[in-house]
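Just so you know, the sequences run in chain order E and G. Just so you know, the first sequence maps onto residues 1 to 260 in this note's numbering. Just so you know, the second sequence maps onto residues 1001 to 1374 in this note's numbering.
Hints are computed from structural coordinates only; laboratory data are not their basis. As the structure is a prediction and not an experimental result, all values here were calculated from the model. All C-beta atoms in this analysis are idealised placements derived from N, C-alpha and C, irrespective of residue type, glycine included. One should not assume that every hint holds.
[Said to hold, decoys possible] Under 8 Å between C-beta atoms, here's a sample of chain E residues computed to sit facing chain G:
#: 1; residue: SER99
#: 2; residue: SER114
#: 3; residue: VAL120
[To be verified] Computed cross-link-like contacts, EDC-like style, restricted to lysine to aspartate or glutamate with a CA-CA straight-line distance of at most 20 Å:
#: 4; chain 1: E; residue 1: LYS195; chain 2: G; residue 2: GLU1089
#: 5; chain 1: E; residue 1: LYS33; chain 2: G; residue 2: GLU1089
#: 6; chain 1: E; residue 1: LYS118; chain 2: G; residue 2: GLU1101
#: 7; chain 1: G; residue 1: LYS1102; chain 2: E; residue 2: GLU104
#: 8; chain 1: E; residue 1: LYS150; chain 2: G; residue 2: ASP1006
#: 9; chain 1: G; residue 1: LYS1102; chain 2: E; residue 2: ASP133
#: 10; chain 1: E; residue 1: LYS86; chain 2: G; residue 2: GLU1089
#: 11; chain 1: G; residue 1: LYS1026; chain 2: E; residue 2: ASP133
#: 12; chain 1: G; residue 1: LYS1020; chain 2: G; residue 2: ASP1006
#: 13; chain 1: G; residue 1: LYS1102; chain 2: E; residue 2: GLU138
#: 14; chain 1: E; residue 1: LYS195; chain 2: G; residue 2: GLU1090
#: 15; chain 1: G; residue 1: LYS1087; chain 2: E; residue 2: GLU182
#: 16; chain 1: G; residue 1: LYS1026; chain 2: E; residue 2: GLU164
#: 17; chain 1: G; residue 1: LYS1026; chain 2: E; residue 2: ASP68
#: 18; chain 1: G; residue 1: LYS1087; chain 2: E; residue 2: GLU164
#: 19; chain 1: G; residue 1: LYS1026; chain 2: E; residue 2: GLU138
#: 20; chain 1: E; residue 1: LYS195; chain 2: G; residue 2: ASP1024
#: 21; chain 1: E; residue 1: LYS210; chain 2: G; residue 2: GLU1090
#: 22; chain 1: G; residue 1: LYS1087; chain 2: E; residue 2: ASP133
#: 23; chain 1: E; residue 1: LYS118; chain 2: G; residue 2: ASP1024
#: 24; chain 1: G; residue 1: LYS1102; chain 2: E; residue 2: GLU136
#: 25; chain 1: G; residue 1: LYS1026; chain 2: E; residue 2: GLU182
#: 26; chain 1: E; residue 1: LYS220; chain 2: E; residue 2: ASP176
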Amino acid sequence: MKNQQKPIITVQNLVAQYGENVILDGVNLEVFKGEILVVLGGSGCGKSTLLRHMVGLDVPRSGNIIVDGIDITNCNDADFKTTLRKIGILFQSSALFGSMTLAENMAVPIAEYSDLPKSVITDLIRMKLCRVDLSEFENYLPFEISGGMKKRAGLARALALNPEILFLDEPTAGLDPVSAAEIDNLILQINQSSKTTIVIVTHELFSIFKVAHRVIMLDKSTKGIIAQGDPQYLKDHSENKKVKGFFNRESSSGQLSETL
Amino acid sequence: MKEYYDIFERDDGELIVRLKGRLDVKNAAAILQTLSSEVKTRSPSSLVVDIDQVTAFDDYGALILFELKHQLPLDNGSFRIENVSSKPEEILAQINFDEQEKYAIPQKKRAVNILVRLGDATIRHLDNIRFMVSFIGSVVLSFLHVLFHPKSLRVDDTIDAMEKTGVDALPIVALISFLLGLIIAFMSSIQLQQFGANIYVASLVALAMTSELGPIMTAIIVAGRSGSAFAAEIGTMKIYEEIDALFTMGFNPTIFLTIPKILASIIVVPLLTLFSNLFGIAGGLVVGVFMLGLTPGTYISQTIETITLFEVLWGLTKSAIFAVLIAWVGCLRGFQTRGGAAGVGNAATSAVVTSIFLIVLFDSIFAVIRSYWR
Ligand SMILES: Nc1ncnc2c1ncn2[C@@H]1O[C@H](COP(=O)(O)OP(=O)(O)O)[C@@H](O)[C@H]1O
Ligand SMILES: [Mg+2]
């Protein structure tokens, strides 16, 4: 862990709510520059919700979210735009534009935000797709490729501008073990080569131990963080039944009914 | 940009580019802009790129190297990267640097022979017609099935569709018909007044509304509101594999989705037409009373004298047929949807266009039938 560094994202007392339904209640969190933070928790406990709030897609009921010095819950449009430029997101459903080929999908942010000439952009896209092993599919439409390939294409698009902060919502869900391992390698490498801060939602135990510098675990019943720290330490030493259950793939009967 | 590179030229024509500093997303465009043209003008026989002093390297850095490599004259000229440390090496390996080729910029689709295109279009249209016919078959079979197994009819869905197609459309149908009646009465009164035949405005409005404009206007409104909605709903279900899910659960998607919509339309569209007739006549009445000085009584009795039961039933029959066309085309286009969100949009558009075309076509056929019938 690199605790001496300053936080790049600070979440203060976040209360997230859809309608009357409170999903997160008083979450405090710091994400440090250059770290890989993994968000864990049963399905429906609000992991995607936390991510959506951190990138400003949803507005919190109360609380502040400070991304690289700018409070995105309370800032002007120009500041917000600047913040968005530093962020790359892979959505849980990949969210590729259905009417565009993979290459066109990638070209959207690159053409908008970089000064590269068109022919160079084509080369760049080919390289970026090659990095996620999709080089032969640049002219395919999203509905012509499999779910796992969409995930990789979504990742390539999130990486289009080499953002400072990368949010990945279940990047390896639905991938075969080999591709999943390649994605993990890619994540590590991006983190090392560009000092990218990465926040990942994932359930793959193997990935967690491989990539995470630090994990936090959310829980539905407390609507907040129940544990955080080094994954190996949590696995070995946590007293919390739910945390232990997660790392040892056990379901205590009470836990199952609550998390599902 | 000089701070990012030095260039030396050796006697044997070899060019050495020593890159320095950050070779990443922020600087790539600027470095490339000056450097690649500089390399190109010197057109060296071989190029050596030294990245020893590079402090940051990502795939935009790799892009710079790639573009430099392709500034060399084709086929001859050697390219070498020196002092590659482990991180750049890993990135270069990942993007398959050595084997990446520079394609001629965007490969445009070659213009295809006009005959080929004609044939292509013909085949597409024939396919489309075949699908249409087989869909008619599937709908008829489903109807027969529902007839013999009334329990398989999804009553709740049918009632829901009736509400959306009928009740919700009533205000707009009423308003448009009222204005239509107003317009017909107004336009015809200008002519008829010259002959002192004001009273025939009532006949004209009544006849026009019940036999032609009522059914057609209602059908067009329903096509725009509900035909497109049917196509979009089924199309969205199609692209998210919901139809496949239904199928694997043992449901017949036609019975599940199409029959309720067609049935609901057959019931509510004639009713809407009836309302349309009434409001059209009311529109004419307003003009008759306030502009032509007729009393409401005379206007209404003239109207009743003009319309026959046959006329009204004829109009309602037409509108029932239109209803089937609208719902059928809406569902058909929904099931034909391919692709993503754009596909759904196309399906909705095509549903409206096709059903309006069919409405007008069938109306002409009805007109011919009637002229022989008399
Ligand atoms: N747009 C929404 N409207 C209402 N409720 C929502 C919405 N999105 C998510 N929820 C609810 O918020 C809870 C957390 O969802 P989510 O963050 O997607 O869970 P997960 O941890 O699996 O990603 C769920 O109970 C879900 O029902
Ligand atoms: Mg989620």
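E/LYS118 paired with G/ASP1024 [C-alpha distance capped at 20 Å]: At roughly 18 Å apart (the allowed maximum being 20 Å), G/ASP1024 and E/LYS118 satisfy the hint.
So if I understand the rule, the pair passes when the alpha-carbon distance is 20 Å or less; does G/LYS1102 with E/GLU104 pass? Holds, at about 18 Å.
20 Å limit on alpha-carbon distance, applied to hinted pair G/LYS1102 and E/GLU136: The given pair, whose Cα atoms are some 14 Å apart, holds under the 20 Å limit.
Have a go at the E/VAL120 hint: is there a Cβ in chain G nearer than 8 Å to its own Cβ? holds (6 Å)
20 Å Cα cutoff - pair E/LYS150, G/ASP1006: Outside the cut-off at roughly 42 Å; violated.
Measure nothing beyond the straight line between the CA atoms of E/LYS220 and E/ASP176; if it is 20 Å or shorter, mark the hint as holding. violated (29 Å)
Keeping to a limit of 20 Å between CA atoms, is the pair of E/LYS195 and G/GLU1090 held or broken? Since the Cα atoms of E/LYS195 and G/GLU1090 sit roughly 16 Å apart, the hinted pair holds (cutoff 20 Å).
Does the structure keep G/LYS1102 and E/ASP133 at a Cα separation of 20 Å or less? Status holds; Cα separation ~18 Å.
Given the hint that E/LYS210 pairs with G/GLU1090, test it: the Cα-Cα distance must not exceed 20 Å. Between E/LYS210 and G/GLU1090 the Cα gap is close to 18 Å, so the pair holds against 20 Å.
Do the alpha carbons of G/LYS1026 and E/GLU138 lie within 20 Å of each other, as the hint requires? violated (25 Å)
Need the status of pair G/LYS1026, E/GLU164: alpha-carbon distance at most 20 Å? Measuring from Cα to Cα gives roughly 11 Å; hence the hint holds.
When you check the alpha-carbon spacing of G/LYS1087 and E/GLU164, does it fall within 20 Å? Measuring from Cα to Cα gives roughly 18 Å; hence the hint holds.
Of the numbered hints given earlier, the model fails hints 5, 8, 10, 11, 19, 25 and 26; all others are met.
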